[in-house]
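Q: Can you build the whole structure from these sequences, using the hints too?
Going down the list, the sequences are from chains Z and D.
Sequential numbering of the first sequence, starting at 9, is according to my numbering.
Sequential numbering of the second sequence, starting at 9, is according to my numbering.
Keep in mind that the hints were calculated from the coordinates and are not lab data.
All figures in this text were calculated on a predicted structure; none of them were measured in a lab.
One should not assume that every hint holds.
No distinction is drawn between identical chains; accordingly, a pair holds when it is met within one copy or between any pair of copies.
Derived pair list, reagent style DSSO-like, types lysine-lysine, alpha-carbon separation capped at 30 Å [what the hints assert, rightly or not]:
#1 Lys-15 to Lys-78
#2 Lys-15 to Lys-184
#3 Lys-38 to Lys-78
Number of protein chains: 2
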Amino acid sequence: MGKRIGKQTVRLEHPVGILASASIAGQKEKDGPLGSDFDVIMADAEWNEETWEKTESKMQKEAVRLAIQKAGLALSDMHYIFAGDLLNQCIGAGFGLRELHIPYFGIYGACSTMIEGLSLASMLIDGGFADHAVAVTSSHFCTAERQYRMPLEYGGQRTPTAQWTVTGSGAAVLGKTVDVPHITHITTGKIMDMGVKDANNMGGAMAPAAFDTLLTHFQDTGLSPADYDLILTGDLGTVGRDVLIDLMQNEGFDITDNYNDGGCMIYDLDTQDVHAGGSGCGCIASVLCGHILPAMQRGEFRRILAIGTGALLSTTSGLQGESVPGIAHLVAISGKE
Amino acid sequence: MGKRIGKQTVRLEHPVGILASASIAGQKEKDGPLGSDFDVIMADAEWNEETWEKTESKMQKEAVRLAIQKAGLALSDMHYIFAGDLLNQCIGAGFGLRELHIPYFGIYGACSTMIEGLSLASMLIDGGFADHAVAVTSSHFCTAERQYRMPLEYGGQRTPTAQWTVTGSGAAVLGKTVDVPHITHITTGKIMDMGVKDANNMGGAMAPAAFDTLLTHFQDTGLSPADYDLILTGDLGTVGRDVLIDLMQNEGFDITDNYNDGGCMIYDLDTQDVHAGGSGCGCIASVLCGHILPAMQRGEFRRILAIGTGALLSTTSGLQGESVPGIAHLVAISGKE
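A: Quick look at the structure:
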């Protein structure tokens, strides 16, 4: 059973282990600095499906299957699955997971979805409601681009602050053990809206939410940046990353030594023409599941914070002149004991 | 701390009370059989907002404020809010709740969203992660119609199996007491897809999911329809209701004595021209929060099952020739002790 500490944080009474994780990525992600870390690289954007939306559904399904297989478990061992994505009505998850027959909680936190899923899954396990649960999410450049922006054939210009939606998926299987990287604390974010109206600067729009959640975590726990080997956000990109560093500095927290952003890590920002970096639910999901968690398992990180940041806009809200509300959810993960 | 029973059910160790609920509805819902039960009736579809989407956001915000006020609590007493809706990227919740500053978990279960929120909120409270939490959802005829179907001005014909999206919102505040109607069991549904492709027959598409969850609940708990005063689904409408009755009958469970559907209750099906009944996230939310929970508080029902049923489609999935996956989540609620 968990214990509340401070305003928005819970400490799990029995830390919940991430038994296994799996990642799937596309060709552009293969060509980035983390390319060799992903379990599966899709040969093309379609992956033998008729539409990109069906491809994205398949990515979630296959990521879940692979993570469960790596954990040495069966689909029927999963008591709950938490899943969502950026597509209208979360059809990546709804259609992708229908064959798996796992009790399903659909979630929507935009690019914070993976961390939202890890938060809820680990609380249900610690609370005694489940032995195993799985969290998954995805994004696909082609589905996001045509839903949110322009037909790909149009070849629209991108602004310098724009981010590139990652084609990727990550899934993690959770259970009751600390012999693997395990979740110790959860800090759940509030919706923050500072009035940014530029849908091509989502890093800037989300940075205040990441700031609020990270600062609250330190205030709630009494911990500081030095207590962590890595503070990982996803996905603020270069613009939002710099805003977060500044905002934390103003509060007396220097995070420059051990902070990075999934959107800045997954691509070579100098050569891959992604402007401010990667984004999309699948960005932090694939970076965490493909790169960070295996590194923790190897002992390369002892304690990390993973902060998922989401922009809660839609095309309709933008057309109606609305600003871009942000949300950030945080989990603290410790290496195997 | 909860205890798993059977395949998909948990029994809460300490049942979680529904401290207060609030409901908001529109003019057509006011004219229905439950019209006098809703806390707030909006004078028109706009409710002083510039767009229907902003109206829907306001409905969620005001329903939450009112429910918390009725519970004698403050916004700052809420440790979590669970919310979602039918709009792309759940902007009803994202924009409606941004001023409330409550740690936010966005969820998407289509019309099962209210029961999904009650499920997760009550598990977090029973697990010791929260003292109070709130669940809310909404739907609005005008936002749903133009997003999913046609511009209202077009005046499209409706098929006999079509349902009418309820303009309504319901919010419920949960806490640690059994001196009010309280949640005792939770049965979480799997995604079920029987291949129905008619987006104008969502009751038929969702009925197999309701059947699977209800049957599983009885199998997991050893209980039967006679153990409940009311089995409430929302929203199968007349078509899905009749399918569910038949499917249960085939398994030896006669639910005809104590079964009803929120979509069949909220409108006068003979006079209000809604064809197969009401639908939308706000249907079971407003029926439960406005009509059923107050009746339980008055002692009119002793034990009920509330089953939220969602159709996990989007306009994109329909255009791509996909069928309509369904999901159904169940909570068992007992009257005050």
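Q: Compare the structure with each hint and give your call.
A: The hints, checked one at a time:
no.: 1; hint: Lys-15 to Lys-78; in the structure: between (36 Å within a copy, 23 Å between copies)
no.: 2; hint: Lys-15 to Lys-184; in the structure: both (26 Å within a copy, 19 Å between copies)
no.: 3; hint: Lys-38 to Lys-78; in the structure: within (21 Å within a copy, 54 Å between copies)
The structure fails none of the hints (numbered hints given earlier).
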